[in-house]
Amino acid sequence: MDPANLVPQPDAISVPYGWFQGLLLLTFVLHLLMMNTMLGSSIIALVTELGGRDGKPRLNKVISLKLPYTIAFTVNFGVAPLLFLQVLYGHFIYCSSVLMAVYWLSVVALLIVAYYCAYLYDFKFDELAGSRTIFIAITTILLLLIGFIFSNNMTFMQRPEAWTRYFSNPRGTLLNLSDKTLYPRYLHFVTASVAVAGLFQAILAQRRLGKGDVGAQRNLDKGMRWFSGATLVQMLIGLWFLMSLPPDKRQLFLGGSGYATALLIIGVCAALAVLVLGLKGLVWPSAAALMAAIVPMTLMRDALRQAYLAPYFSFSDLKVTGHYSPLIAFLIVFVIGVTVIGYMLKLAAAAGKEA
Amino acid sequence: MNYPVWELTVAGGGLIIALIAVVHVYVSHFAVGGGLFLVLLEKKAYRLRSQGLLSYVQQHAKFFLLLTMVFGGLTGVGIWFTIALLNPGATSTLIHTFVFGWAMEWVCFTGEIVALFIYYYTFGKMQPAQHLRIGWLYFLFAWLSLVLINGIIAFMLTPGGWLQNGGFWTGFFNPSMLPAMVFRTAIGLMYTGIFGFLTSSFIREDELRHRMARYCARWLLLSFAVAAAGAWWYFSSLPPEIQTMMVKRSPELVRYMKVFAGASGAMLVAAVLMALRSPQPVQKAIAFGVLALGLVYMGGFEFLREGGRKPYIIYNHTYANAIVKSDRARIDREGILKTARWVRYRNLTPLTELAAGREIFRVECLSCHSIGGPLNDILPRTAKFQTFGMDSMLNGLGKINDYMPPFMGTVAERRALAGFIVAGLHGKQKEAAGPVPARRLQHEVPPFDPATSEYVLLSWNDLGMHCISDSDRYWVLLPPANDLVAQLVRRGPKPQVVTRGVRLTYRVESGFENPAAHVDFWKYAPSVFGKRLEPNVGLSGNGLAGEMHFDEKLNAYEASLIPVVPYPDQGGYNPYPLFTVEARDEKTGRLLAKTRVVAPTATEMGCRNCHGGQWRVDGKAGFTAETAKDILAVHDKNSGTRLLEMAEAGQPQLCQSCHPDPILGAKGKAGILNFPAAIHGWHANFLTDRGTEACFKCHPSSPDGPTQCLRGVHAKNLDCTTCHGTLEDHALTLLKAEQKAGKLSAGRLMRHLRPRRVATLAEIKPRTPWHNEPDCLGCHGDFKRPVAGKADGFNKWTAGAADLYRMRRDKTKSLMCEACHGSPHAVYPAVNKLDRDRDNIQPIQYQGAARTIGRNNCRLCHTKDMEKPGHHPMAVQAAGKGAGVG
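As you go down the protein sequences, you meet chains A and B in turn.
Per this note's numbering, the first sequence runs over residues 30 to 384.
Per this note's numbering, the second sequence runs over residues 1020 to 1905.
Hints are computed from structural coordinates only; laboratory data are not their basis.
One should not assume that every hint holds.
Per the computed footprint, the stretches of chain A lying under chain B, defined by three or more beta-carbons under 8 Å from a beta-carbon of chain B, are [to be verified]:
| # | stretch |
| --- | --- |
| 1 | 123–130 |
| 2 | 141–153 |
| 3 | 322–333 |
| 4 | 351–363 |
In silico negatives: residues of chain B with every beta carbon more than 12 Å from chain A [claimed, not checked]:
| # | residue |
| --- | --- |
| 5 | PRO1023 |
| 6 | THR1129 |
| 7 | GLY1511 |
| 8 | THR1707 |
| 9 | TRP1816 |
Because the structure is a prediction, the values reported are computed rather than measured.
All C-beta atoms in this analysis are idealised placements derived from N, C-alpha and C, irrespective of residue type, glycine included.
Chain A extracted, bound-state conformation:
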């Protein structure tokens, strides 16, 4: 069976695809940062709890307070890229989702449990004392699991040649485990999460330091250690990921495509800068370098996806209806929304309590 026959006809889009691609990449970067913070914080908190020397780990207390927010905003910032992904790639992601439906749908239940456990970890941090480890452990394991499911789907959707397995198992219990890129790709995200979360803790601590809380230095150092350590490991995993790619895809980043190769070079350079700055303990420069790494990496991810799907689809296949007015309405609502949110955050900050 020719896998190309399995790819459904895409629906028409209202405005040229560039709009959706731009929105997808933009919102995905936001989601990625938030997700990294959430997952990494959870991992760091768990490791710290398991380390167990400190009965009242200050870092974990901070994490416990922020974790529910990060989950909420990870989900929220995840909704937008998933929406735009469906607009551009719905005919791929729906298929792969159905093939792994049981796992895909379980994300919702897993997330609810992870979320409530995170709240217990927050609201009952002191009361639970030692047993709170159980809750952060559940949250961490479930978030890791959810991440793995996401990695599966994001790789599965770009491999129609693997979809024919549906005919021997239509029960929605397939995964993309045979894909060699799955594991380094997944670890790439997990490791990045630890790094970003470490940096996030360092930034929070930096701000506390600015307000004269000298005790925050410890958290800053810890955060930066996590950040740099994870980045170092990331170098190896990144290389593994690159090598695991099928030769034709890998070649794109090694000179085959000027665009893809440039992205890789910028990304790697930025990552090296992250490492150096991190090891020096420079918080804000590290954050800037991190952004400089994440943006090309996100573009690389996108270029890779297009390379995978090239035999089946290109954006020029999409029919455009040319209805601009809903886009304009969205942009207006977006600006108003952001303004109001800014106003609310200002009120919150003035109340001496950030959201």
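Once you've looked at the hints, dock chain B against the given chain A.
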């Protein structure tokens, strides 16, 4: 059909979406109304300077945050995941049409989260006025989310002008958008009262708790009133076909409507109870009760709304199984296996049929039906079927009952699907096909001497076959009631039909004298016919033996409604019992003539082919309770009757007590379709594009069956459809007359029927059953034999009852047509499956050969050869000069 289908079994049939959607919708409506509740109550607390109230508000806010943001937010994402898994095609349409609507909703969602976090975490830390402002902003964002999502959900039910122009705004501001928004806003506020009951029932301070209970009761009752008005407006804004689907056409939806109404009432009562000063444990119990009722209310509404869309998921655009309406013609033409993407078997062969059937099931059925699950389980719904019945059911899907999509694909694919359901899902083996071995019967021919016999006694059954529904305990369609007619001819140069001075009697053959021992007709006659009958005595007072009475209209002797049944005492099934008819001199009692005649009577009515159950007698005929009950259950379901309940209470009914029917002289009820129109019109929708198979699956005419009622000379080259048309044609002739008579339901049955023997409906000649029947002269113009292969009796009806073959007489007005030619369906020379010459006894008795009485044999009555045609124009040729009809 573009996307793979997740093969769910138990969890199918919408169970997953129902579980996620109903709880999500419950909580998410609360998330809207609850915002208003929080700010108003907080403001009240400031005004009253009530610390107790303020701390309750804060506690309620925590509960609100944990419930709406975590559970509500994530189940919302869950719905999105779920619809994309269960109906990716329709989801894709919604996403692509409304992407910027969703995107705007996402902005509101973000604002909601930010506002709620700030509201909760700054409680007591922010200036009251600012804190209230945050609360208001939360409510605003939440309500705008509702407005946006409501527009898209309402679109699915009433896409309105979008179907033509595909525009975002047309789709969003659709006909039911505004009323649905009012209704949903009101239920959001109503649920606030419900959740308020719950949290306030935990307040320890009695006074505050009671005050809060009253406050919440006011919320609930006031918003309930708005919701009720909104619901009415909402309902009124729906197109009539959706309204009738909700309240009438879909039996399941009628049930949800009742649940919705019941939960509404119960909630009101509970709210009033709550407002009374009950002890805390009682208040807690009621609060949880109301919470559950709210969920039931929501569930009832959501099931109704989703159900109202049936058979679509996007009304008039995408069917519930994700097939886009505009693809239907192509699928029917090319086949679903050729047009669906995610199927492996593109061609049907005996080896792939079952597997392909499973794939078709997946593509067309699985999105709505579970296999063994709690919702829309396919198994009980199809348990009664064998492949033929299942195939017919699929054939009729989406036609009269349009709450399911039609089957889409080729006839062979439909059979493959039916085969999969029957064999693959139910594990049934194919029923043994092939001819039923016929029971061999014998008969004696009474003596006749051409030289000395003074009389010729001719006798016949007027219909050639009379069917009986021996399902008396449940319903009766036709009672045991055979009519025998006889004419006695005094031989001579001027022969005469004897009309006085003689006494004609009839007597059934041995073994058939006691029908009451075999059927329950006599037991239930009081209920069915309103009269008590002596055992073995029929509806007109005739028994299995008795005297025939002269009928002026016929110019013949007749014994009507003889209650003979096809079950001899020695067992088995014999649809051709013989009667002996004798003519005696009235005064002397001398036997003048004697003959034998078949009273054909069959219970081989194949209702079980679709309604399930077995044959009751000898594996060949008769109704079992299972079949009879299913017929009533289906009738009750589709027509809102209570026939099964009545039958089980000992009051079975005659079908014709409602459906008029000339054959029984039944007037029925005004406005209801006559029985033949109703039964043929209904079933024709399930049995399209077939030939005689459609006839003999119900009537005893199958060449392989135990009766084979078409046994006369016409059976040689013709079949049922030659005279009656195919089932669609046949049904349309009847329905068209009913439609002309102003019976609205005829149109519903006709909507999907296409004439086959003629090109258009306009060419169909409407007719009254039993009065306008195929006219013999339609083929036999001037009594000639039609050109071979050109016989076509369809659409050539008798002008009225007087012109029927069974009523007509010859040119001399003395002899009836049937006297010489035999019964309809058994016109001489007939070949009886059970006993070759059983229907030819009289020709053989009087002429020594199975042919028309008098053919080439005028001497039989005239005792001499005749020159001129006496009985009809060609009769003289028949007398020896050429090829007549004889």
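Structure-based check of all given hints:
| no. | hint | verdict |
| --- | --- | --- |
| 1 | 123–130 | holds (count 6) |
| 2 | 141–153 | holds (count 4) |
| 3 | 322–333 | violated (count 0) |
| 4 | 351–363 | holds (count 8) |
| 5 | PRO1023 | 5 Å, violated |
| 6 | THR1129 | 5 Å, violated |
| 7 | GLY1511 | 85 Å, holds |
| 8 | THR1707 | 31 Å, holds |
| 9 | TRP1816 | 52 Å, holds |
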